[in-house]
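Work out the full structure, taking the sequences as your base and the hints as a guide.
Each protein sequence line maps, in turn, to chains W and V. In terms of the UniProt record's numbering, the first sequence has 207 at position 207, counting the first letter as 1, and numbering is strictly consecutive. In terms of the UniProt record's numbering, the second sequence has 251 at position 251, counting the first letter as 1, and numbering is strictly consecutive.
These are computed hints drawn from the structure, not numbers from a lab. All of these numbers come straight from a predicted model, not from anything done at the bench. Incorrect hints may have been included.
[Stated by the list, open to error] Below 25 Å or equal to it, Euclidean Cα-Cα: the simulated DMTMM-like pairs (lysine to aspartate or glutamate) are:
no., chain 1, residue 1, chain 2, residue 2
1, W, Lys119, V, Glu107
2, W, Lys47, V, Glu129
3, W, Lys119, V, Asp12
4, V, Lys191, V, Glu177
5, V, Lys93, W, Glu85
6, W, Lys119, V, Asp143
7, W, Lys47, V, Asp185
8, W, Lys47, V, Asp12
9, W, Lys23, V, Glu82
10, V, Lys199, V, Glu45
11, W, Lys119, V, Asp134
12, W, Lys119, V, Asp105
13, W, Lys119, V, Asp5
14, W, Lys119, V, Glu171
15, W, Lys23, V, Glu129
16, W, Lys119, V, Glu91
17, V, Lys245, V, Glu231
18, W, Lys119, V, Asp49
19, W, Lys228, V, Asp12
20, W, Lys47, V, Glu112
21, W, Lys119, V, Asp225
22, W, Lys23, V, Glu107
23, V, Lys93, V, Asp183
24, W, Lys119, V, Glu45
So you can see what is in the structure, the chains are spelled out below.
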Amino acid sequence: MQATSTLDRPPAPPEASSRTWRKAFHDISAGARQRQLWAHLGWQDIKQRYRRSVIGPLWITISMGMTVTALGILYSQLFDQNLAEHLPYLAVGFIVWGFVSGCLNDGTEVFIQNEGLMKHLPAPLSVHILRLVWRQTLLFAHNLVIYFIVLAIFWMPITWTALMAIPALLLIMASGAWVALLFGIVSTRFRDIPPVVGSLMQLIFFMTPIVWNADILEEKGGNMSIAKLNPLFHYIEIIRDPLLGENLVMTNWIVVGCITLAGWALALFVLRNYRARVTYWI
Amino acid sequence: MVSIDVWNAAVDFPIFDAKSRSLKKAVLGKTGGKIGTESKVPIIEALHDINLSFRHGDRIALVGHNGAGKSTLLRLLSGIYEPTRGSARIEGKVAPVFDLGVGMDPEISGYENIIIRGLFLGMNRRQMEKRMDDIAEFTELGDYLAMPLRTYSTGMRVRLALGVVTSIDPEILLLDEGIGAVDADFLDKAKERLHELVKRSGMLVFASHSDEFLVELCNTALWLDKGGIKEEGSLRDVLTHYKGKDPFKNLNPQTLARIGASDSAAPIGSNEDS
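This is the structure in structure tokens:
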């Protein structure tokens, strides 16, 4: 049972742990370098959904447009709001919510759904994360068309603060990545997480000022902490304020910045410890 | 330098049954104290005590019964599984061809699938486009490459997958059974290309149940049994012990000459393995 080439082989290295920071960071940098791969796959995901349909991905924009119009008209009457104010508010809120909830919901399934790929083609975990965030960004871009249409219809003035939506979007993307990474890894081990997150997101949607305005709550003497203790409220606000030409609120940015940093720290820790386990768990 | 070294590696799969795979047990288990159900997650030892050393030019056949660990070992070598114990060092560009249905999108064209597979193997889009003519010629798929992959037969998919991996100059080629779906003519062509590739740049590890393929493609063999290495040595020796008969006996002289086995066609009474 002696292999012919065992003689000249190097001595066994000390047992190499797969739980090192170096390997975790290497996973991320290797994934980032495969930009063409995840960009292609992310776009493919969208095209796939609308294959052989005549207007294709434009359906994303149309369905968002219909939802926003219908809900905007309904809720502006329910809450006695000016349509010209409430519809843009609701539209931007909906668009951002789409991105945030997409990252969370798809994030829990990111590795489970790619089981086949992951077991047959070696690739860094971060490739799947980047693909997801890129797909959500593309969906966001499709939906953003609605914002510009609303802008044109209501003849809203655009100010320089609108540019602050760009760093806001980058912050939200960075958060989407850690959320997908963390929830993706944990969900492969504990399969209850995806349904739990799914149903919680539905609840949070109603608790977050998207179809209703936080100002109404304040006017009616409601408890503002309902909105402010909700981290997703701050995420939506940092991008909604600049897009609607309103003043930026520092607190929102600080909260989002802190959550992004803390989330990444946690996600990196989980990546370091369980990166190599993911293919065993799926 | 292309090399694969594996030291005392093991691959253990935890098997979570429906209950232990939920949060309930992890959360309640800690607070609930020692109730009889506290047994650990059962583990399947898919591979154990694996020691390997492959070098440039090696063409290794993986043989063994179903469930012996062939596919798991290939995944270990490709880096998909990191060993749960022991260590593995793989140096070189790995190109795996495992299940042919996976990693291919049936709804998009063969052409697009080639690009995606290439991207997965570390190429970029431009490099793949440059190789497209070569792949189209090798696979003989021609205009079919513009058709969605769902219209392809199994053999055509094998051709496509082989076309991609052989075009990108991989250093370590890992093939799982399943490439048997191609016809004899194509196999000849593929064999030539694979030989050339191994000679030029690296090594080949091929898991199969087909003596015919193994004899054509490999020179050494590794016999896996119940997750461990049972025997390692020349292809003829290992296959003879594994099958209980010499597979080279039934080959006609032309084949023997072609695979360069005629010089080693001496009777194998004296075994080299200890």
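Going down the list of hints, with the structure as the test:
The suggested pairing of Lys119/W with Glu107/V holds, with an alpha-carbon distance near 21 Å, which does not exceed 25 Å. Taken as a hint, the Lys47/W and Glu129/V pair is honoured in the structure, with Cα atoms around 21 Å apart against an allowance of 25 Å. Simply put, Lys119/W and Asp12/V have alpha-carbon atoms about 15 Å apart, close enough for the 25 Å limit, and the pair holds. Between Lys191/V and Glu177/V the CA atoms are separated by roughly 15 Å; this keeps the pair inside 25 Å, and the hint holds.
Using a Cα cut-off of 25 Å, the hinted pair Lys93/V and Glu85/W is violated, with the two alpha carbons roughly 58 Å apart. A C-alpha spacing of about 31 Å is found between Lys119/W and Asp143/V, which places the hinted pair above 25 Å, so the restraint is violated. For the suggested pair Lys47/W and Asp185/V, the alpha carbons sit about 37 Å apart, so the restraint of at most 25 Å is broken. Among the hinted pairs, Lys47/W with Asp12/V is inconsistent with the structure: their alpha-carbon atoms are about 39 Å apart, more than 25 Å.
At most 25 Å may separate the alpha-carbon atoms for a hinted pair to count; Lys23/W and Glu82/V meet this at roughly 12 Å. In summary, the hint linking Lys199/V to Glu45/V is not supported, as the alpha carbons are separated by about 35 Å, beyond the 25 Å threshold. Annotation: proposed proximity of Lys119/W to Asp134/V is violated, straight-line Cα distance about 28 Å (limit 25 Å). As the CA atoms of Lys119/W and Asp105/V are separated by approximately 15 Å, the hinted pair is consistent with the 25 Å bound.
A C-alpha spacing of about 21 Å is found between Lys119/W and Asp5/V, which places the hinted pair at or below 25 Å, so the restraint holds. Restraint check for Lys119/W and Glu171/V: satisfied, since their Cα atoms lie roughly 20 Å apart, inside the 25 Å limit. Distance restraint check for Lys23/W and Glu129/V: the Cα-Cα separation of roughly 32 Å exceeds the 25 Å cut-off, and the hinted pair is therefore not satisfied. Distance hint between Lys119/W and Glu91/V is fulfilled; the C-alpha atoms sit about 20 Å from each other, no more than 25 Å.
The straight-line distance between the Cα atoms of Lys245/V and Glu231/V is roughly 16 Å, inside the 25 Å bound, and the hint therefore holds. Restraint check for Lys119/W and Asp49/V: satisfied, since their Cα atoms lie roughly 22 Å apart, inside the 25 Å limit. Distance check on the hinted pair: Lys228/W and Asp12/V sit about 47 Å apart at the alpha-carbon level, beyond 25 Å; violated. A hinted pair counts as satisfied when its Cα atoms are at most 25 Å apart, and Lys47/W with Glu112/V qualifies at roughly 13 Å.
Pair hint Lys119/W plus Asp225/V holds up; C-alpha atoms about 22 Å apart against a cutoff of 25 Å. A C-alpha spacing of about 35 Å is found between Lys23/W and Glu107/V, which places the hinted pair above 25 Å, so the restraint is violated. Restraint check for Lys93/V and Asp183/V: the C-alpha separation of about 28 Å exceeds 25 Å, so the hint is violated. Restraint check for Lys119/W and Glu45/V: satisfied, since their Cα atoms lie roughly 18 Å apart, inside the 25 Å limit.
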